[in-house]
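We have chain A already, so just place chain B on it with the hints.
The listed protein sequences derive, respectively, from chains A and B. So that you can map any letter, position 14 of the first sequence is 14 in our numbering, and since no number is skipped, the others follow by simple counting. So that you can map any letter, position 334 of the second sequence is 334 in our numbering, and since no number is skipped, the others follow by simple counting.
It cannot be assumed that every hint is accurate.
Said to hold, decoys possible - Quick look at which bits of chain A chain B covers, simulated, 3 or more residues with Cβ under 8 Å: (1) 46-58; (2) 72-78; (3) 81-87; (4) 107-115.
Claimed, not checked - Listed below are the simulated PhoX-like cross-link pairs for lysine-lysine, each with C-alpha atoms no more than 25 Å apart in a straight line: (5) A:98 to B:46; (6) A:98 to B:18; (7) B:308 to A:75; (8) A:70 to B:16; (9) A:76 to B:400; (10) A:83 to B:16; (11) B:92 to A:98; (12) B:400 to A:59; (13) B:402 to A:161; (14) A:116 to B:323; (15) B:312 to A:75; (16) B:312 to A:98; (17) A:119 to B:150; (18) A:70 to B:323; (19) B:400 to A:75.
Said to hold, decoys possible - Negatives, chain B to chain A, calculated, CB over 12 Å: (20) 30; (21) 235; (22) 268; (23) 304; (24) 341.
What the hints contain is simulated information worked out from the structure, not anything from laboratory work. Each residue gets a CB set at the ideal place from its N, CA and C atoms; glycine is no exception.
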Amino acid sequence: MIQIKELHKSYRMGSNSLHVLKGINLDIKEGEFVSIMGSSGSGKSTLLNIIGMLDEADKGSYVLDNVPIKNLSEKKAAIYRNKFLGFIFQSFNLINYKDAAENVALPLYYQGISRKIRKEKALYYLEKVGLADWAHHLPSELSGGQKQRVAIARALASEPKVLLADEPTGALDTKTSYEVMNFLQGINDEGKTILVVTHEEDIANMTKRIVMLKDGVIEKDSFVEQVRASEHV
Amino acid sequence: MFDLDRWREILQTINKNKLRTLLAGFTVTLGILIFTILFGMGNGLKNTFYESFQDDAQNTIFIFPGRTSKPFKGFKENRRIEFENEDLEFLKEKFSGRLEHITARIRKGVTAKYKNEYGNYSVRAVHPSHQYLEQTQVIKGRFINANDLKTDARVAVIGRLVEKDLFGGEDAVGEYFSMNKIVYRIVGVFKDEGSGDREERNIYTPVSTTQLIYKNTNKIDQINLMYDINIGANGARRLTKEIETELKNRFNIAPSDQNGVYLRNNIEELADTLQFAGMLQIIVIWIGIGTLFAGVIGISNIMVYIVKERTKELGIRKALGAKPSSVIGMILQETVVITLLFGYIGLIIGNFILNSMGNKLEDWFITNPSVSQGTIIGATIILVISGLIAGYIPARRAAKVKPIVALRDE
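Extracted from the complex, chain A is given alone in its bound form (with noise of 0.2 Å):
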């Protein structure tokens, strides 16, 4: 699903340039649940950021569903972003004066889908993470645990191949987190490859690979047994 071969990026900050990666290889399948963990600094949310489109590499490739992504142009890489990936934020990044059905409906309008489906597929997702009762309330009205299922089901809504989702749990209390680390697990049971950027084990732990980045390469990258989230709950 996801190559990565050699990737390098650095930012100038003034006249010396910081080298945030420094060749990155990695390999990610389909139904795979991978966490991306390092201290602050590691350049784990840069990695993510080129996954996920929003920011590009200097040097290396990147293939994402057999498709190499490069050279993007801006309208390109806005509608790759709408077919390939859902994104979830650590602060939700929920439109304030949508409510939640108009949020989760927002990726499918900019897929050019009629008002009438994009309301049932709102409808459907919103139901899927819980939240039906909820579909027409502002943000303003939801707990951070709601606003984040919300969230969760607008990067389900478009039916991405990946799923990135960066501190998902961050801003969120511990029973909270394993809620919504619960719906992530569930949501991979059913196949979808999700990616996890955290810095919390025990979320790392709630996935099924680990990979750990140490001042711009990775430092171990391996397979574990999953927690199921469902335990703590």
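This is chain B only, laid out in the frame that chain A set:
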């Protein structure tokens, strides 16, 4: 533009962010309001100017016959040229595209008498359109009309001072009086402001009546015409030249003969008038452009601010797959909608203020300040275009927002 979903998005954004929309809209309303009022005032100034030049029409050419000073085509010199009705018809047909009015004029000195009062006045036998050339203002009754000419009616339109001299304070319309012992009925009284007392001691009669009474001829003393002012000063110079050539040809006058026919026009005065009116027009237009420009900058500024405020939202939209064109389109369309809506409010308020002002500002040289239908349509088009200009820069900036920058947690 006609994407229903896009409209829904925009209406929702406007609806859910009322304060922001109001702030942006207020700038536009204010801008258009000031534009309308200033433009209307400028028009008022122009109206005053035109009114003060209403006395005699300036786009006129007076044609007099003379005596030839050179022999030509077998004719001897010192031949007297005389105009007849056919000559007037000839000019009328030949230059119909550029002429607005044409009239004959015959002058006669008469002794007019009513009861025991009498006096000497000059009569002008004319066509009905003479009224437009002299800007004669009929204050009672009517002017000479086409029917008078057809029936050779013995009717007269007398000046205000003739009425005062002969009738004292009485109303002369409908009364009979005599001129050189021939009885005429008075059908109207006129005034002519700005031309002095002499003009108001004239008497108008139908040209055909006078021709019939005096020796039954077709002769006319003079042909006056008024041309379409839009041909401009140069067009008028050319027209004068062409008429002269045609007449010299018609009467077998040597082309180089200065004395066969005389043409008199006001082109130099007219050119001054046109220039001054043009200058006023330019001032008015610049006032308009200036205020509109300020309005465009105002709304552009607010749109920049709005885009900045919405950076995160636009970043989210882009992360979810919004193309740059879709972001630009959304911001542009929103700006146009706001500009049109609030601009129209400004236009309506401005028009209302202008209407209620009416002629109250006449002392400050502003007469009937108003904005024409055409200007309103033009302003609407300018509004849409300025909305597009105002929205384009922030929209492009919005499209350039990098999702990772927008989504970075503070």
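Quick rundown of the hints versus the structure:
A count of 4 residues in the stretch 46-58 of chain A with a Cβ less than 8 Å from any Cβ of chain B is obtained; the coverage claim is therefore met, three being the minimum. Interface restraint, the stretch 72-78 of chain A with chain B: holds (3 residues with C-beta to C-beta distance below 8 Å; minimum three). Evaluation of the coverage hint for the stretch 81-87 of chain A: fulfilled, as 4 residues show C-beta separations to chain B shorter than 8 Å, against a requirement of three. With 5 residues having a beta carbon nearer than 8 Å to a beta carbon of chain B, the stretch 107-115 of chain A meets the requirement of three or more and the stated coverage holds.
The straight-line distance between the Cα atoms of residue 98 (chain A) and residue 46 (chain B) is roughly 53 Å, outside the 25 Å bound, and the hint therefore fails. A C-alpha spacing of about 14 Å is found between residue 98 (chain A) and residue 18 (chain B), which places the hinted pair at or below 25 Å, so the restraint holds. The hinted pair formed by residue 308 (chain B) and residue 75 (chain A) meets the criterion: a straight-line CA distance of about 21 Å does not exceed 25 Å. Simply put, residue 70 (chain A) and residue 16 (chain B) have alpha-carbon atoms about 39 Å apart, too far for the 25 Å limit, and the pair is violated.
The suggested pairing of residue 76 (chain A) with residue 400 (chain B) holds, with an alpha-carbon distance near 14 Å, which does not exceed 25 Å. In summary, the hint linking residue 83 (chain A) to residue 16 (chain B) is not supported, as the alpha carbons are separated by about 29 Å, beyond the 25 Å threshold. Restraint check: the Cα-Cα separation between residue 92 (chain B) and residue 98 (chain A) comes to about 74 Å, which exceeds 25 Å; the hinted pair is violated. Between residue 400 (chain B) and residue 59 (chain A), the direct Cα distance comes to roughly 23 Å. Compliance with the 25 Å bound is thereby established for this hinted pair.
The suggested pairing of residue 402 (chain B) with residue 161 (chain A) holds, with an alpha-carbon distance near 23 Å, which does not exceed 25 Å. Proposed proximity of residue 116 (chain A) and residue 323 (chain B) is supported: the alpha carbons are some 22 Å apart, at most 25 Å. Distance hint between residue 312 (chain B) and residue 75 (chain A) is fulfilled; the C-alpha atoms sit about 19 Å from each other, no more than 25 Å. Note on residue 312 (chain B) and residue 98 (chain A): the hinted pairing holds, with a Cα-Cα distance of about 14 Å set against a maximum of 25 Å.
About 82 Å separates the Cα atoms of residue 119 (chain A) and residue 150 (chain B), which puts this hinted pair outside 25 Å; it is violated. Distance restraint check for residue 70 (chain A) and residue 323 (chain B): the Cα-Cα separation of roughly 17 Å lies within the 25 Å cut-off, and the hinted pair is therefore satisfied. For the suggested pair residue 400 (chain B) and residue 75 (chain A), the alpha carbons sit about 11 Å apart, so the restraint of at most 25 Å is met. The claim that residue 30 (chain B) lies off the interface holds: its Cβ sits roughly 26 Å from the closest Cβ of chain A, which is beyond the 12 Å cut-off.
For residue 235 (chain B), the non-interface assignment is confirmed: its Cβ lies about 56 Å from the closest Cβ of chain A, beyond the 12 Å cut-off. The beta carbon of residue 268 (chain B) sits about 64 Å from the closest Cβ of chain A, which is more than 12 Å, so the claim that it is off the interface holds. No beta-carbon of chain A comes within 12 Å of the beta-carbon of residue 304 (chain B); the shortest separation is about 20 Å. Every CB of chain A lies more than 12 Å from the CB of residue 341 (chain B), the least distance being 19 Å, so the non-interface label holds.
Checked against the numbered hints given earlier, this structure breaks hints 5, 8, 10, 11, 17; the rest are met.
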